[in-house]
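Residue numbers (the numbering used here), protein chains in the order written: chain A, 1 to 311; chain B, 1001 to 1321.
Calculated from the structure, these hints are not laboratory results.
Incorrect hints may have been included.
Listed below are several chain B residues computed to face chain A (Cβ distance under 10 Å; list not exhaustive) [stated by the list, open to error]:
| no. | residue |
| --- | --- |
| 1 | Q1054 |
| 2 | V1068 |
| 3 | R1089 |
| 4 | P1096 |
| 5 | P1148 |
| 6 | I1163 |
25 Å max Cα-Cα, derived SDA-like pairs, lysine to any residue [stated by the list, open to error]:
| no. | chain 1 | residue 1 | chain 2 | residue 2 |
| --- | --- | --- | --- | --- |
| 7 | B | K1264 | A | G56 |
| 8 | A | K230 | B | V1065 |
| 9 | A | K230 | A | A209 |
| 10 | A | K220 | A | L234 |
Just so you have them, the derived chain B footprint on chain A, three or more residues with Cβ under 8 Å [stated by the list, open to error]:
| no. | stretch |
| --- | --- |
| 11 | 40-49 |
| 12 | 275-289 |
Yeah, the Cβ is synthetic: ideal placement off N, Cα and C, and Gly gets one too.
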Amino acid sequence: MTTTAERAPAPPGRLLRFWRRNGAGYLFVLPSMVFFVLFMFLPLGWSFVISFQQFGLAQSAWVGLDNYTSLLNDPVFRQAALNTALYSVLTVAVWVLVAMVLATLIHPLPPRFRTFFRAAYYLPAVTSAVFIALVWRWILNANPWGLANWVLSLFGAGPAGFISDPSPFLGANVALWSVILSSMLTIPAVGVVLYSAALSGIPRDLYEAAESEGAGAFAKFRHITVPLLKPITLYVAVIYTIAAFEVFERVYVMTGGGPGYATNTIVYLIWRTGFRFGEYGLASAEAFLLFLVIATISVLQFRALRSDVEY
Amino acid sequence: MSPDPRGETHVAAPTSSGASVRSPREVDVAVPADVLPPVGGVGDESGRPLRRRQALAILAILVPVAIVALFPFYWMVTTALTPSSAAIRVPPSLVPLDASAENLAELFRQAPVLLWAFNSLLIAVAIMVCHVVFDSMAGYAFAKKRFPGRGLMFLLIVSSLMIPVQVTLVPRFILISRLGLDDNLLGVILPSIADVFGIFLMRQFIRTLPAELEEAARVDGANEWQVFWRVIMPLSRPAVATVAIFSFVGAWNAFLWPLIVLSKRELLTLPVGVALLQQEFSSNIGLQMAGAAVGAVPMILLFLFFQRHFLDGVRVGGVKG
Chain A
1 MTTTAERAPA PPGRLLRFWR RNGAGYLFVL PSMVFFVLFM FLPLGWSFVI
51 SFQQFGLAQS AWVGLDNYTS LLNDPVFRQA ALNTALYSVL TVAVWVLVAM
101 VLATLIHPLP PRFRTFFRAA YYLPAVTSAV FIALVWRWIL NANPWGLANW
151 VLSLFGAGPA GFISDPSPFL GANVALWSVI LSSMLTIPAV GVVLYSAALS
201 GIPRDLYEAA ESEGAGAFAK FRHITVPLLK PITLYVAVIY TIAAFEVFER
251 VYVMTGGGPG YATNTIVYLI WRTGFRFGEY GLASAEAFLL FLVIATISVL
301 QFRALRSDVE Y
Chain B
1001 MSPDPRGETH VAAPTSSGAS VRSPREVDVA VPADVLPPVG GVGDESGRPL
1051 RRRQALAILA ILVPVAIVAL FPFYWMVTTA LTPSSAAIRV PPSLVPLDAS
1101 AENLAELFRQ APVLLWAFNS LLIAVAIMVC HVVFDSMAGY AFAKKRFPGR
1151 GLMFLLIVSS LMIPVQVTLV PRFILISRLG LDDNLLGVIL PSIADVFGIF
1201 LMRQFIRTLP AELEEAARVD GANEWQVFWR VIMPLSRPAV ATVAIFSFVG
1251 AWNAFLWPLI VLSKRELLTL PVGVALLQQE FSSNIGLQMA GAAVGAVPMI
1301 LLFLFFQRHF LDGVRVGGVK G
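Just chain A, with the same shape it has in the complex (with noise of 0.2 Å):
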């Protein structure tokens, strides 16, 4: 049926066949392709272009790297890509680690204690950020009858002002690591998810194998599991550094940034920037720089996945 197509002689006629040929399929993507060059790859390059600007919605006046520059030198981005650093790379490691241990605990227990273990940590997943963080806010508050200092008390410690101390501490601040204190307790759902299809993939006889030359249950976990769920590792790490540099929930609901600049993170910033100050040129460029690190975060993982076919 294709070659009588081929054979077509007048342009018009070709335009035609090619039209039935493959119209159906350009139609059905349309509305999705529209949408991503709308809202996806034009916004892209629309910010890049307005992180050059002094942006006005009458007029714009083009300010070349000033954006760049300025943001550099602010005290106040440092500080925030500072914290979004600290509260990503910590928070990552706490949720892959318990991520992989949690789903490797899981695995083995009978089917009905797995699907409500599973359900019960992926309860948080379905509830809005912003509800999750409320009752942070409320927990880690100053105040004595906060939960927090409650405990505190209990070990004779206490009261202190966690999400509302921006006294130094650890090289950063109460405030912020009361921040990244309330999301290492927030199980990781998407990771125990994954992680656990990814256990259910170990055949079994290398467990086996194992165990008849006596491994115990933690060898096998080290020399097994762990590097046989690399690949999704790097994955579920990279996923969820990911949604560690975009954090604004939380900081929105639990400290509005402060007290003072002290838990401001890059995503909280560009909101307050652009939408708070409407300064939009300034915020593209905050934005811009968010992307470049997700970017090559990105790349570095698809580069370290590919080199890593040992299996």
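Position chain B relative to chain A; hints supplied.
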């Protein structure tokens, strides 16, 4: 074979026939699987049955962790049920004393909560329907149609995963404002009418459907749209259910974009409205927790109620493997 690097991949999910260790290539499409909680018993190989002592040792770790995971919800509901005067007691009570619906009543008096819930529902349903229709259309085309540029377009869509949504906020907002849609529910809906996850999942599923079904429908005189809508869509029900439920939950929980677009009090969604309450009534913790509970409980119920569809979602991934 599609030219893109992700062409021959599977939706990562446990398969019923003991699958081999997943290759790195499969891993990078585990995106869909992260929203498909595996269901106990589906294709899991747990090895030898546990001895009682081992099982108890494992439970001794998992149960406390589950308590930590669920505690914020418990504390949310407990505080919501505790009258404000009793909530600031030292030491705090871990069970709701003098439980009452006082905070809930106050919440409905102070804020247009039902309106917020309605706005959230409207936005979530609209986005869900758009995702189901547009993602499926694109997924179908990428799975079954051959047309020049197909591979490139698919690569483009997948690569948009690398664009953090924050980078697009300012231009999106300018765009939406120029369309006159700021402070309008449509302005929230429009920038989320399709998504990568849905397109990916639908493509993976539709690929597995035998071509004969479409051929048969065409022989019977069905046009392209009828083939898609009357043949492909009904057969893809499990994948559609997965896309629908995750789109709905995601849209209901969305915060940053609605926060930017919406400002009139009666147009807010539940997450934005409840976050606003926290600023307006910063000392009334009972009210805040009541608001959080009203926003969170519907999704929790949905999750518990639709576990069967989550299960179907896993089977969707399992078909190919």
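Status of the hints after comparison with the structure:
{"no.": "1", "hint": "Q1054", "verdict": "8 Å, holds"}
{"no.": "2", "hint": "V1068", "verdict": "6 Å, holds"}
{"no.": "3", "hint": "R1089", "verdict": "6 Å, holds"}
{"no.": "4", "hint": "P1096", "verdict": "14 Å, violated"}
{"no.": "5", "hint": "P1148", "verdict": "7 Å, holds"}
{"no.": "6", "hint": "I1163", "verdict": "5 Å, holds"}
{"no.": "7", "hint": "K1264(B) / G56(A)", "verdict": "24 Å, holds"}
{"no.": "8", "hint": "K230(A) / V1065(B)", "verdict": "24 Å, holds"}
{"no.": "9", "hint": "K230(A) / A209(A)", "verdict": "20 Å, holds"}
{"no.": "10", "hint": "K220(A) / L234(A)", "verdict": "20 Å, holds"}
{"no.": "11", "hint": "40-49", "verdict": "holds (count 7)"}
{"no.": "12", "hint": "275-289", "verdict": "holds (count 6)"}
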